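Asker: Listed below, chain by chain, are the residues.
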Amino acid sequence: MNQIKKQVKHPLDDLLRIDRIPHIWCPGCGIGTAFSSSLIAMRESGIDLEKTVMVSGIGCSGRGAGYVNLDSYHTTHGRAIPFATGMKLANPELNVVVFSGDGDLFAIGGNHFIHAARRNVDLTVICVNNFNYGMTGGQVAATTPLTAKTTTTPVGNPDTPFNLPLLAYASGATYVARWTILHTRDLTESIEEALLNRGFSFVEVLSPCPVNYGRRNKENGIDSLKIYQDRTIIRNDAQPWELDIDFDRGIVLGKFIQTERPTCTDRYDNTCRPKEFIEGEKGLE
Amino acid sequence: MKPAVLTGEHFMTGDVACAEGALAAGCRFFGGYPITPATEVAEHIAGRLPEVGGTFIQMEDEIAAMASIIGASCAGVKSMTSTSGPGFSLMMENIGLAICTETPCVVVNVQRAGPSTGLPTQGAQGDMMQARWGSHGHYDIIALAPSSPQEIFYLTIEAFNLSETYRLPVLIMTDEMIGHISERVVIPEAKKIKTVSRPGPKGRKDRFKPFEPGANGVAPMAHAGEGYHIHVTGLTHDERGYPVMTVEAQKAMMAQLMGKIQRNLDDIIRTEAYRLEDAEVVIVSYGVSARTSLAAVDEAREQGIKAGLLRLITVWPFPEAQIRNLAKRVKGFVTVEINLGQIHLEVERCAAGKAPSFLVGHPGGTIITPERVVEALKESF
Numbered sequence: 001m002n003q004i005k006k007q008v009k010h011p012l013d014d015l016l017r018i019d020r021i022p023h024i025w026c027p028g029c030g031i032g033t034a035f036s037s038s039l040i041a042m043r044e045s046g047i048d049l050e051k052t053v054m055v056s057g058i059g060c061s062g063r064g065a066g067y068v069n070l071d072s073y074h075t076t077h078g079r080a081i082p083f084a085t086g087m088k089l090a091n092p093e094l095n096v097v098v099f100s101g102d103g104d105l106f107a108i109g110g111n112h113f114i115h116a117a118r119r120n121v122d123l124t125v126i127c128v129n130n131f132n133y134g135m136t137g138g139q140v141a142a143t144t145p146l147t148a149k150t151t152t153t154p155v156g157n158p159d160t161p162f163n164l165p166l167l168a169y170a171s172g173a174t175y176v177a178r179w180t181i182l183h184t185r186d187l188t189e190s191i192e193e194a195l196l197n198r199g200f201s202f203v204e205v206l207s208p209c210p211v212n213y214g215r216r217n218k219e220n221g222i223d224s225l226k227i228y229q230d231r232t233i234i235r236n237d238a239q240p241w242e243l244d245i246d247f248d249r250g251i252v253l254g255k256f257i258q259t260e261r262p263t264c265t266d267r268y269d270n271t272c273r274p275k276e277f278i279e280g281e282k283g284l285e
Numbered sequence: 001m002k003p004a005v006l007t008g009e010h011f012m013t014g015d016v017a018c019a020e021g022a023l024a025a026g027c028r029f030f031g032g033y034p035i036t037p038a039t040e041v042a043e044h045i046a047g048r049l050p051e052v053g054g055t056f057i058q059m060e061d062e063i064a065a066m067a068s069i070i071g072a073s074c075a076g077v078k079s080m081t082s083t084s085g086p087g088f089s090l091m092m093e094n095i096g097l098a099i100c101t102e103t104p105c106v107v108v109n110v111q112r113a114g115p116s117t118g119l120p121t122q123g124a125q126g127d128m129m130q131a132r133w134g135s136h137g138h139y140d141i142i143a144l145a146p147s148s149p150q151e152i153f154y155l156t157i158e159a160f161n162l163s164e165t166y167r168l169p170v171l172i173m174t175d176e177m178i179g180h181i182s183e184r185v186v187i188p189e190a191k192k193i194k195t196v197s198r199p200g201p202k203g204r205k206d207r208f209k210p211f212e213p214g215a216n217g218v219a220p221m222a223h224a225g226e227g228y229h230i231h232v233t234g235l236t237h238d239e240r241g242y243p244v245m246t247v248e249a250q251k252a253m254m255a256q257l258m259g260k261i262q263r264n265l266d267d268i269i270r271t272e273a274y275r276l277e278d279a280e281v282v283i284v285s286y287g288v289s290a291r292t293s294l295a296a297v298d299e300a301r302e303q304g305i306k307a308g309l310l311r312l313i314t315v316w317p318f319p320e321a322q323i324r325n326l327a328k329r330v331k332g333f334v335t336v337e338i339n340l341g342q343i344h345l346e347v348e349r350c351a352a353g354k355a356p357s358f359l360v361g362h363p364g365g366t367i368i369t370p371e372r373v374v375e376a377l378k379e380s381f
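Sequences listed follow chains A and B, in order. The first sequence begins at 1 in the working numbering and counts up by one. The second sequence begins at 1 in the working numbering and counts up by one.
Source of the hints: derived by calculation from the structure; they are not laboratory data. Treat each hint with caution, since some may be false.
Here are the simulated SDA-like pairs of lysine to any residue, each with C-alpha atoms no more than 25 Å apart in a straight line [as the list claims (entries may be wrong)]: (1) B:K328 - B:G353; (2) A:K51 - B:G203; (3) A:K51 - B:E239; (4) B:K209 - A:D19.
Note that the structure is a prediction, hence the values are computed from the model and not measured.
One chain only, chain B, in its complex shape:
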């Protein structure tokens, strides 16, 4: 029997590192469904959960997988699922339920090329806008984009911590390349890993309102079986959790769902700057494409272009302020991503005409080479 935290140095794929990150974060329920290139997350955690007191179940489809992790979370157990494009589409319905019911959970999307069945074994980054708006209605979401197996380990822990702090589903938007690449992963001692758990209610059980925000703007969470007799619904509801079919109730609930994210952008948004201090042109990228971009920055600098990289670790909520600030002083932006312009549009929106924005995109199936990025920098600036 292995411990929940596999302290030590390992050589593992991104998918496996993701599963280990989940276990280290305290995930004890996984509802899955096989899909390339995310299957290995489920396979690995299926073997590991029973030995650490957790439960794995392969559900009948991704709709059920997503529903099961929300149910498990409502029972008080940190839960996760993993999938790729087609399954991500099916999960959208219940991602909305987790948003509306403020249920913490983590959803991993190991992206492959689409639309539809697309290129099942070949990577892409084409689901970034689906991550933002894929479920119906207006809402805020948190999505993280790791660039290596080591980072996916940490970001999976981070995803759980954010999810537990802000009570919402957190998405890990990785890609086939990161999911399948094998690299060195160092797992620290368990006591050095910071994990967060949702705060529980205090005070009299009969006076508890399950959706009344606490001091940090997020409601403490009572679980099934704790004696609070809570009601939880995907209908528009008030602080008691009771359905209220009025415009006022809708406004109040939306203000709560959006506000808890919007008021905490500084805590949620993480980016990494590389040679950005004196950069004249900024590459914006994330996931595997950030690795391409890293090489492109060095190459461009050697060729006399003052390039820098803004790597998005948090893609949603989008780091608008950073792009706005950079737009005031740089010549322009180049967004590198394996789709035909999704985050690029966000960069363009935030640059708001103050600096031009270009795309180095790809329809999917392979990585973008650093040479293409350098060429684009030369042509654009």
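Just chain A, same shape as in the assembly:
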């Protein structure tokens, strides 16, 4: 009996608010896997977790901040990045991780994403892309594949989805990768690299949404994973403009960009602060 009563600890329990479990994510949803990868990467990276903050917007992935046992902020729809920008610039010692969804980060929050990337704000942005608005019941997103069915495109999506790595690269991100939740080791490694990269780092995670996206597109949870296995190609040297989301032609995964560029804070200190101020600060150390 005693052995049965003995609670088995999940290896990530110390990073989870276990008093908030069970989570809200549906059976077959991939957010949990993306979330676990993020937590493992945080721990493995060796960053100071007491100085690490998770910021989320609104949506299914936006609930991530509510489950991590670190300082965590669940903000407004689309505004996780500008909130995180203020936080990082106010206290550059913090490791600020934005964990949110595609609708939040790229439709309502698209403008904030491109500007934070342009400034190279030292943030790690993890986007769970499940191709639709899951929390509100499966509406078309800026990432929904062409012709895919959603509740607001009942006969098929007439619009082209964003190529998110290209958008990130063109906006100035200094780390850009894309994986699926099937590629957990690669994903975890990429998130770890993104956390350690000084500058705006972006990791896109393709993730199934069987309840809202899958069932309207004849794709159950396991089908999505098979697609992630069969119709993806890992090409770390791929050019960002070769990364369109098109499952018929195949989706390219990999780490596409890792480069160095002064961060927003570096440039601000070097450009805007009077020399006397910087010298005075050094004198204090």
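Got chain A sorted already, so can you dock chain B onto it with the hints?
Answerer: This is chain B only, laid out in the frame that chain A set:
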């Protein structure tokens, strides 16, 4: 390099005095976006913050500006933004977030005439009701209305102090005229300026509940990176900050958000009386229109009308008790404001039929003249 507190006598605009007041209050983060007639606040503080160890950033829009100052405040840095009508509309979403998450910050609205783009370079006081209820849901807010560059300097400090004391966004509802007028501003020595900072948590980190009210009814605030592992959300939440989707949790959270203001009205509400002791008719006004009203009181008295002025320094929460008390003994009220009747409706509501209430309003773009106010007093009483 200049110090954070520019002690001395100056000749400066209201916008610049506002920026200097923020620095004197300890503001070290400003997220802005250009908009007439508030741009000079951002321009001035953009030059000053880097030399006092602070950070200025011009964000991509006012939504982002507001989000950034909440983020900065959650990181432990006093923060502010400034804007005018169209930007104020965009900030409403995240003003609600700051209310719900009890995040101190200061928002300055240098009002211009609306609706929409309106008269960008010409002043008005048409956003007073938006200040009260502009973000969705029910909440209490604090809004201050300065009447001069000297006063905007002090009220900006006061806005920070109230915001830090009660953990909420405090609005400075000024207007283009006060923002752009240049007057003498005296800045005292730094040690004579009273500044308040949010109290931090005490006791064991693992037992800390980020929304459990302290002795004064307001929760101490832990910041990101201090090791408290707090969760902060715009969802309805309990004292731990955890989302709770129940009617009971909503009631408890609303009682906390409203109660911390309602229990402290005496500390928050500031008004100024001018020749009010024996007044038979009371002019209620604020901001630039209070200056108009001041002249009107003297002129009316010369013409034999016993007028007095109740100048609202705090507009929200509204000084209901004062209006109620005055209504018992005066002939009536005249509210002077550059809109077509916003605070006027509040005066009328609080007078509750015990004394008539009239409006001297204006659709916006210029000040109201004292002559118009005197005429209105003659016609109404």
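Asker: Quick one: which hint numbers does this structure break? Sort them smallest to largest.
Answerer: none
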